[in-house]
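My request is simple: use the sequences and hints to build the entire structure.
If you're matching them up, the sequences are chains V and B in order. The working numbering puts the first residue of the first sequence at 1, with every later residue one more than the last. The working numbering puts the first residue of the second sequence at 1, with every later residue one more than the last.
Hints in this document: simulated from the structure, not taken from any laboratory.
Within a straight-line C-alpha distance of at most 20 angstroms, the following computed EDC-like cross-link-like pairs (lysine to aspartate or glutamate) qualify: (1) B:K160 with B:D788; (2) V:K206 with B:D469; (3) V:K276 with V:E25; (4) B:K360 with V:D43.
In case you want the letters, here they are:
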Amino acid sequence: MYMPKVAVLFGFGINCDHETAAVFEMVGGKATRVHLNSFISGDDKLSNYDILAVPGGFSFGDHLGSGRLMGNRMRFSLREELSNFIQNGKPIIGICNGFQVLVKTGLLPGPDGNEPDFIQRASLTLNDTGRYEDRWVTLEFNQHSNCIWTRGMTTIDCPVRHGEGKYVMPNKESLRQLSDNNQIAVRYIDPDNIDANRDEVLPFPKSPNGSMMNIAGISDQTGLVFGLMPHPEAIYAQWLHPDYTRGTIPNVESEIEWEGQGLQIFRNAVEYVISKN
Amino acid sequence: MKAIQSHYRNESIQQSRRAAGIVENQPTDVELECLAQTWSEHCKHKIFASKIHHKDLETGEESVVDSIFKTHIMKPTHDMQKEVDWLLSVFHDNSGVIAWDDEWSVCMKAETHNSPSALDPYGGAMTGIVGVNRDILGTGLGARPIANTDVFCFGPPDWKGHIPENLFHPSRVLRGVHSGVRVGGNESGIPTINGAIIFDERYLGKPLVYCGTVGLMPRRLPDGRESHIKTPSAGDVVYMVGGRVGYDGIHGATFSSLELTDESPSSAVQIGDPITQKKMLDMLLEARDMGLITCITDNGAGGLSSSIGEMAEYTNGCKIDLAKVPLKQSGLSPWEILVSESQERMTVAVKPEDVDRFEKLANLHEVEATAVAEFTSTGMFHVEYNDDTVAYLPIEFLHDGVPQLQLESEWNPPEHTMFKAPQDSNHNNILIDLLARPNIASKETWVRQYDHEVIAQTAVKPFVGVERDGPADAGVIAPIHGNPRGLVVSNGIAPRYSDIDAGAMAAAAIDEAVRNAVCVGVDVDKIAGLDNFCWPDPIQSEKTPDGKFKLAQLVRANRELERICRAYRLPCVSGKDSMKNDYGKGVDKISIPPTLLFSLFGDHPDVRNTATSDFKNSGDKIYLVGESLEELGASEVSFMLREKASTNGIGGSVPSLDNPEKLFQSYRALSSLINSGIVKTAHDCSEGGLGVTLAEMCIGGRIGANVDIDGTGNCSLWSRLWGESLGRIVVAVSPQHESTFLNGMSGSTVTYLGNVEDSQLLNIIDGYEEIISVDVSTMVNSWQRTLDMTGGGV
Numbered sequence: 001m002y003m004p005k006v007a008v009l010f011g012f013g014i015n016c017d018h019e020t021a022a023v024f025e026m027v028g029g030k031a032t033r034v035h036l037n038s039f040i041s042g043d044d045k046l047s048n049y050d051i052l053a054v055p056g057g058f059s060f061g062d063h064l065g066s067g068r069l070m071g072n073r074m075r076f077s078l079r080e081e082l083s084n085f086i087q088n089g090k091p092i093i094g095i096c097n098g099f100q101v102l103v104k105t106g107l108l109p110g111p112d113g114n115e116p117d118f119i120q121r122a123s124l125t126l127n128d129t130g131r132y133e134d135r136w137v138t139l140e141f142n143q144h145s146n147c148i149w150t151r152g153m154t155t156i157d158c159p160v161r162h163g164e165g166k167y168v169m170p171n172k173e174s175l176r177q178l179s180d181n182n183q184i185a186v187r188y189i190d191p192d193n194i195d196a197n198r199d200e201v202l203p204f205p206k207s208p209n210g211s212m213m214n215i216a217g218i219s220d221q222t223g224l225v226f227g228l229m230p231h232p233e234a235i236y237a238q239w240l241h242p243d244y245t246r247g248t249i250p251n252v253e254s255e256i257e258w259e260g261q262g263l264q265i266f267r268n269a270v271e272y273v274i275s276k277n
Numbered sequence: 001m002k003a004i005q006s007h008y009r010n011e012s013i014q015q016s017r018r019a020a021g022i023v024e025n026q027p028t029d030v031e032l033e034c035l036a037q038t039w040s041e042h043c044k045h046k047i048f049a050s051k052i053h054h055k056d057l058e059t060g061e062e063s064v065v066d067s068i069f070k071t072h073i074m075k076p077t078h079d080m081q082k083e084v085d086w087l088l089s090v091f092h093d094n095s096g097v098i099a100w101d102d103e104w105s106v107c108m109k110a111e112t113h114n115s116p117s118a119l120d121p122y123g124g125a126m127t128g129i130v131g132v133n134r135d136i137l138g139t140g141l142g143a144r145p146i147a148n149t150d151v152f153c154f155g156p157p158d159w160k161g162h163i164p165e166n167l168f169h170p171s172r173v174l175r176g177v178h179s180g181v182r183v184g185g186n187e188s189g190i191p192t193i194n195g196a197i198i199f200d201e202r203y204l205g206k207p208l209v210y211c212g213t214v215g216l217m218p219r220r221l222p223d224g225r226e227s228h229i230k231t232p233s234a235g236d237v238v239y240m241v242g243g244r245v246g247y248d249g250i251h252g253a254t255f256s257s258l259e260l261t262d263e264s265p266s267s268a269v270q271i272g273d274p275i276t277q278k279k280m281l282d283m284l285l286e287a288r289d290m291g292l293i294t295c296i297t298d299n300g301a302g303g304l305s306s307s308i309g310e311m312a313e314y315t316n317g318c319k320i321d322l323a324k325v326p327l328k329q330s331g332l333s334p335w336e337i338l339v340s341e342s343q344e345r346m347t348v349a350v351k352p353e354d355v356d357r358f359e360k361l362a363n364l365h366e367v368e369a370t371a372v373a374e375f376t377s378t379g380m381f382h383v384e385y386n387d388d389t390v391a392y393l394p395i396e397f398l399h400d401g402v403p404q405l406q407l408e409s410e411w412n413p414p415e416h417t418m419f420k421a422p423q424d425s426n427h428n429n430i431l432i433d434l435l436a437r438p439n440i441a442s443k444e445t446w447v448r449q450y451d452h453e454v455i456a457q458t459a460v461k462p463f464v465g466v467e468r469d470g471p472a473d474a475g476v477i478a479p480i481h482g483n484p485r486g487l488v489v490s491n492g493i494a495p496r497y498s499d500i501d502a503g504a505m506a507a508a509a510i511d512e513a514v515r516n517a518v519c520v521g522v523d524v525d526k527i528a529g530l531d532n533f534c535w536p537d538p539i540q541s542e543k544t545p546d547g548k549f550k551l552a553q554l555v556r557a558n559r560e561l562e563r564i565c566r567a568y569r570l571p572c573v574s575g576k577d578s579m580k581n582d583y584g585k586g587v588d589k590i591s592i593p594p595t596l597l598f599s600l601f602g603d604h605p606d607v608r609n610t611a612t613s614d615f616k617n618s619g620d621k622i623y624l625v626g627e628s629l630e631e632l633g634a635s636e637v638s639f640m641l642r643e644k645a646s647t648n649g650i651g652g653s654v655p656s657l658d659n660p661e662k663l664f665q666s667y668r669a670l671s672s673l674i675n676s677g678i679v680k681t682a683h684d685c686s687e688g689g690l691g692v693t694l695a696e697m698c699i700g701g702r703i704g705a706n707v708d709i710d711g712t713g714n715c716s717l718w719s720r721l722w723g724e725s726l727g728r729i730v731v732a733v734s735p736q737h738e739s740t741f742l743n744g745m746s747g748s749t750v751t752y753l754g755n756v757e758d759s760q761l762l763n764i765i766d767g768y769e770e771i772i773s774v775d776v777s778t779m780v781n782s783w784q785r786t787l788d789m790t791g792g793g794v
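Listed below in structure tokens is the structure:
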């Protein structure tokens, strides 16, 4: 069986690279931690890989705004490579700081069509609470999304760990378009109030940051590029769930006896690449 | 001073100095500064190494302790090292290393950063955490930091009294320290998995900031070398890697070896940048795996002087050129370059044939790495600035030249007014008030701001339960992805018991750390400890007229440390002492209560079988493991009632451990029941006793309980309800596992307390007498409000 090659970026303060590489390995990927500068110097080539992951962390200390410097470095040094990557149908994921980076490079939410224009259309800004927090949230995935990463996903619990995770767009029109395109791939929900209007911002802490329309993550129009603030890799195993000792966590059907709810996202991308090859 | 004088008067020394072209009969400024740093209390631990003439006026005992460290800490560990095969490296490296399994070893180190945090809470605390991270990176050939712990001791957050000159209000210290540790830990990508915050008026004079880090490394590197052994040889090129050297942090080691005054320099505090360090860390761990590192240590106290000086002991010599050291700003004189404690720097030795690969890797990571020295075998610590020799000291003199102190200690038990329980107390109100005490109240809003689960390994997080806001006893991580094998990290601290007996304080800290670990199912046969002493100056002098007493407290604490560690077969693998935690002089002098933080790390066979403190299901059976004794001395309830003027004193018996061997058997039994999945709920009894423990378990589970405390000990109701006797753990077990639990605990003292109830009430009776009935939401409210930084009063 072909093992899709996954480039997991690291360096400059990215810090979820080890676990992000590990989860791809668990679902049949062959993950390599690649220093961003290796792509820039040409020592390694993005085109050698099938999947690109931009993990969480504090790239460049989030100086000048979260993901800004890393986003710039990618936008100016890897423009062609990134553009070709997407046009060749290869998936990209950005988690937490990686999502902030993808938004600031302009890959998310991206333009109409499949050719990235590297124009920033949204931002992730300071949480409404004004502070960084680590807490668990419940996510609901959009069943009408074309995102290859979220296929078959319904809801999962996982942690958020950020200070700047409030998704904003400049006007209602752009937000509505995002929604109409089904690019809102995943939202925060209140599991105790399942009938709540999905577009109405949930109170803290159900929405940990006050994101517009409870947006936790979005995809581009191709469905290949996906970014989210919460950390699905942090629930790769059931024992990482805070309710594990209570015996009340949702069951996951899997060959991996201990599989947690988050692993399927990474399996989706690996299987997508395999299905194409 | 005399040792230095005789060194420079020695004829053959003078001869060799003449040959080296350096002033022959007196030290240079560089040499003096170098000796001052290397021989400072901070670096040399002179008090722990001293010869103490100890008198106990209570028993009439007179004895001599030739080095507390060697007698009570090192010896027991070395004795235990003969019995187990997993103690790989103890005491001599930057952290203690134990074998975890055949493939991996783990190490841990805790440090204090008290003086810097007093003067600059944010900067001091941040450098505290990133500094101890570097201790891990500097262990063996380099370990990867995977978890942090933070324990802070502050003055009361709502303090309304006088603030000493040059110090800050405790609330400001708390905020600053918290931000520093948050930024330092989060930006480094290391989860903070366990900690505590303690309050006492005397920490106004000096806050204590304990930062601990756990590290992980492969037992063998790809090139076959064992990772815990440094392998330098003469001729190796010595690099300074990471940040540059500047004016910040000059005299850090020497100033922290003095009491704080209104003249203490805040320029002695370094300025940290976690991202510079993170880049360096990524780079050095790659270099390690490529086999490029022969020796590595961090630049902390004493800067290059200490780091290169210590490593030069391996090859017996080094030659440094200070002119090569990259600077933040020009104008530093050679001695400043040598001793500056500027942050984010590691000192790394590389074989000459590997320097190109090493520099290329540094380039890739955009990390500055500069060759500044080489190892020699000349026996000399040889420092040049361009072509001038500015220091020329024998390695032996530098490290072993410091003479042993001779000290006096004298124990006379302090007198206290006895604690008397007030008549007609309303125990409901006492419970509600205790839950709101800063020492007991929830610290959740502060702790949530630490990333506690980066690396995707944290199985038991700092807060547990239905709403994820109940207290956890210990952190549990499964650091190898896809493998449920775990590590446990816990802490114990009980400074107020020092008011009565610092020996009991030490015993309580160790027992608490062990019990916390037992509550999550640690393998009690593979636990290791760190002793971190923070003491007021214990050397008798004009400014410390009670020095003999304070030193006697230290002797008693260490005797208890040895006794309890031997009973629990718990080797101390690393430690630290900070011995000048005083502010000012004379009548205004503030001395901290003698404080031992005991940190523990240990093996956990499978994180899927662990327990948390929250009550789980209605009908679960509640048991007390251990028993209550008449021990209300220095208890939280005694301090609270004295503050409210409901009682006059805190005196009385302080919790003690008369038979730790027996307790350890019950810990072993309980841990193995947790490991087999029989017990899912356990919580230790500490501040506030059984009453507060049960309340916290109800809070975590958002569920009620009916409990009868009759029969939990042959002592007063107050002692059974609010006493803090050691060795006690409350357990809840489902009815179908009750008999297995009881069989497993046979031989231990176990008392049935009652049931978890499908109610929202905690009801406690004593036989037929109703004592407490409080609803869960009242307890939640009281527990969470005091320290809620999102809108509370702090």
